[in-house]
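S.K.: In order, the protein sequence lines correspond to chains A and B. Take 1 as the starting number for the first sequence in this note's numbering and just add one per residue. Take 113 as the starting number for the second sequence in this note's numbering and just add one per residue.
It should be emphasised that the hints constitute simulated quantities derived from the structure, not laboratory data. There is no bait here: all hints are sound.
Which bits of chain B does chain A cover? Going by a derived footprint, with three or more residues having C-beta under 8 Å, they are:
1) 154-160
2) 206-219
Derived BS3-like pairs: lysine-lysine, alpha-carbon spacing no greater than 27 Å straight-line:
3) B/181 x A/57
4) B/180 x B/207
5) B/207 x A/57
6) B/175 x B/191
7) A/57 x A/13
8) B/207 x B/169
9) B/154 x A/13
10) A/57 x B/154
11) B/154 x B/171
12) B/175 x B/207
13) B/171 x B/181
14) B/181 x B/169
C-beta atoms are modelled at their ideal positions from N, C-alpha and C, and glycine is treated no differently.
Each chain, written out:
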Amino acid sequence: KAGVTQTPRYLIKTRGQQVTLSCSPISGHRSVSWYQQTPGQGLQFLFEYFSETQRNKGNFPGRFSGRQFSNSRSEMNVSTLELGDSALYLCASSLGGFETQYFGPGTRLLVL
Amino acid sequence: EDQVTQSPEALRLQEGESSSLNCSYTVSGLRGLFWYRQDPGKGPEFLFTLYSAGEEKEKERLKATLTKKESFLHITAPKPEDSATYLCAGYNTDKLIFGTGTRLQVFP
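Chain A extracted, bound-state conformation:
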């Protein structure tokens, strides 16, 4: 069974730009969660989508948004990028919610 895939793997953007990251979950998984990982803060929960609906949201500003499509693929968007948004963005999929989640390899975003 194919694992969670994320594209692109690496991105370089400048402040003020916006970025869209993509995540394809494991086949049959309907829940997709997004996380930001930085050396100082560790892994922090952004939001979780299940059947195209955002069910849970972490403490991130409204510049961070996401959506999920009918095939369970998900995208995350960050608008008006700031230097502090430089991080590894991970998505994880599961059959439902926070039950055992399987992570993708991540997208490394560098904001200059």
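Place chain B on chain A using the hints.
M.R.: What follows is chain B alone, placed relative to chain A:
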């Protein structure tokens, strides 16, 4: 406030030297606790889920245990390939909270 704290931050072991990693948690309505392994530049790899105090799970050289306040990841006779960052995370109905991890180095 819900939080998960891991200790130590870093651990250096000689090959074969057994040790334990600690994960202390205060998560309201805890439904389960995860252990993950993360190699540099990669996403976390699932190891274990523990649901109730007293539960234990094993996989090769790793054994995870859970009490009402803590979880331990015991590593028996580690090998260099066990070098990684080990993360624990607690979850309830609306959030999953990760600790900052223990960076384990096992040298020959």
